[in-house]
Amino acid sequence: MTDALPVVLNINGLKYEFEVLPYRSLLDVLRDELGLTGTKECCAVGECGACTVHFDGRSINACLMLAIEADGGSVTTIEGIAAPGEMTRVQDAFLEHGAVQCGFCIPGMVMSAEYLLARNPHPTEQETREGLSGNLCRCGGYNRMLKAISSVSEESTP
Amino acid sequence: MKPFSYQRPGSLAQTFDLLSEYGSSARILAGGTDLIVGLRQQTVDASVLVDIKGIGEFLPGVALVDGHFVIGATTDISRICEYEKFRATFPALVEAMETVGSVQIRNRATLVGNVCNASPAADTVPPLAIYGAMVNVGGRDGTRLVPVQEFIQGPRQTALRPGEFVLSIQLPVPNAPLGVGFARLTRRRGVDLATVNLSCSIDSVGTVRFAFGAVGPRLVLGVDRSGVLADSGAPAGDRDAALANLIAGTSPRTDIRGTRDYRSAMLLVLGRRILAEAASRLGSGQP
Ligand SMILES: Cc1cc2nc3c(=O)[nH]c(=O)nc-3n(C[C@@H](O)[C@@H](O)[C@H](O)COP(=O)(O)OP(=O)(O)OC[C@H]3O[C@@H](n4cnc5c(N)ncnc54)[C@H](O)[C@@H]3O)c2cc1C
Ligand code: FES
Ligand code: FES
Chain A
44 MTDALPVVLN INGLKYEFEV LPYRSLLDVL RDELGLTGTK ECCAVGECGA CTVHFDGRSI
104 NACLMLAIEA DGGSVTTIEG IAAPGEMTRV QDAFLEHGAV QCGFCIPGMV MSAEYLLARN
164 PHPTEQETRE GLSGNLCRCG GYNRMLKAIS SVSEESTP
Chain B
539 MKPFSYQRPG SLAQTFDLLS EYGSSARILA GGTDLIVGLR QQTVDASVLV DIKGIGEFLP
599 GVALVDGHFV IGATTDISRI CEYEKFRATF PALVEAMETV GSVQIRNRAT LVGNVCNASP
659 AADTVPPLAI YGAMVNVGGR DGTRLVPVQE FIQGPRQTAL RPGEFVLSIQ LPVPNAPLGV
719 GFARLTRRRG VDLATVNLSC SIDSVGTVRF AFGAVGPRLV LGVDRSGVLA DSGAPAGDRD
779 AALANLIAGT SPRTDIRGTR DYRSAMLLVL GRRILAEAAS RLGSGQP
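Protein chains in written order, with our numbering: chain A, 44 to 201; chain B, 539 to 825.
The set of hints was computed from the structure by calculation and includes no laboratory data.
Every residue, glycine too, gets a C-beta built ideally from N, C-alpha and C.
What you were told as hints is all true, and nothing was included just to trick you.
One side of the interface only, derived from the structure: several residues of chain A facing chain B at Cβ under 7 Å:
#1 Thr45
#2 Pro65
#3 Tyr66
#4 Val88
#5 Gly89
#6 Thr95
#7 Arg101
#8 Ser102
#9 Ile103
#10 Asn104
#11 Leu107
#12 Ile111
#13 Ser176
#14 Gly177
Using the sequences and the accompanying hints, generate a full structural model.
Written out as structure tokens, the structure is:
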């Protein structure tokens, strides 16, 4: 009844071809089959944002998307957000502002922050909070994250 | 998740074939923000998912056709919110859509799915009803239009018959001045269901309509034609009495999100607030 189906996916600029069972989420496949464990699993029901990736340029929860639904699309994960060995301004700013505690939520937070700033380079604090509202940090490091994001926003020319 | 198989039809005709072939074991998959959660938590059972995102006939965004906005079954909430004309025409619906989940959820969740999921707490349903939304149901033999408040018949129950699914939602552009408000109360914005949600409209002849969500198995509608609710200068006691009269039609329950009495009390508070919002929108000429 449930055979594996072929999938072609562009992930972080590389083409992947594989077969997947239809009831496997994109998150399962990224982590368990492709070894891209930067994207985290926490709630698995869309509430925490630890699994945030960009699918066809839009921020989504990888736990709520089937891998088969992603067929033909392109995915950017935290591993692909900057060139190998480099970091984005958001990642640098998170470090500079000590915004990382245990680190578990950070890949998702960075993906949400990148998505926010790409669409709105100078968000108000309210807009930043709204942009991160799908990401939970159990260490409660939100204020430093807000400062980090606002520092990136201030650097870029309005 | 329990195993299921997956189909991605490319046309409406193929979709109707699949729905008749698999019957009640098939589930429509749109954005998956309810369905995948349900499958994972095993509150929903399906042996076949029919992903409608490959259907060629669906419009990718929002279209204005003959005085109606048409929102296709695969258009996600974020996309709808990008249309300036839509925002300006249905501000209270946009407010409701922007309270749904988070950015990531809205980038997947469809408006049609919010209606089809038939949750009594669905946030878009009260303003959809207030703006007169019609659900365009498709079947092999054609389509039929059902008002949204009749389409949702109870928790998880819709007016869909076997073999049918929803093609779009149609929203008439108001042809006379209308002011609409929306409010929602929740314990934690973003990821909790509404404790109550409500919307109201005031038109230029003083008719006030209310839609109350999450306070009964179905949406509760009320109309006041006395003019008292539309008249912000009327005595506060009279206005509260008229509002309480409409709220009397609701049947809130006590649950983890609030008690029955708390919900009723909040309907009154939020009802006053959105009446003021609707009146100011009517005054400013914005619907
Ligand atoms: C973390 C989180 C937070 C949320 N917050 C809110 C909130 O604040 N307010 C709120 O109202 N909702 C909220 N939701 C639920 C919301 O995301 C959904 O109701 C969404 O709009 C459903 O659309 P979808 O495209 O994801 O539907 P799906 O999950 O794909 O489908 C939902 C149901 O409708 C059926 N269906 C879908 N499309 C059709 C169709 N065209 N014809 C027939 N049947 C169809 C499916 O079979 C399924 O039973 C939240 C969900 C999550 C996971
Ligand atoms: S793991 Fe996907 S949102 Fe929590
Ligand atoms: S840093 Fe620990 S969960 Fe956010």
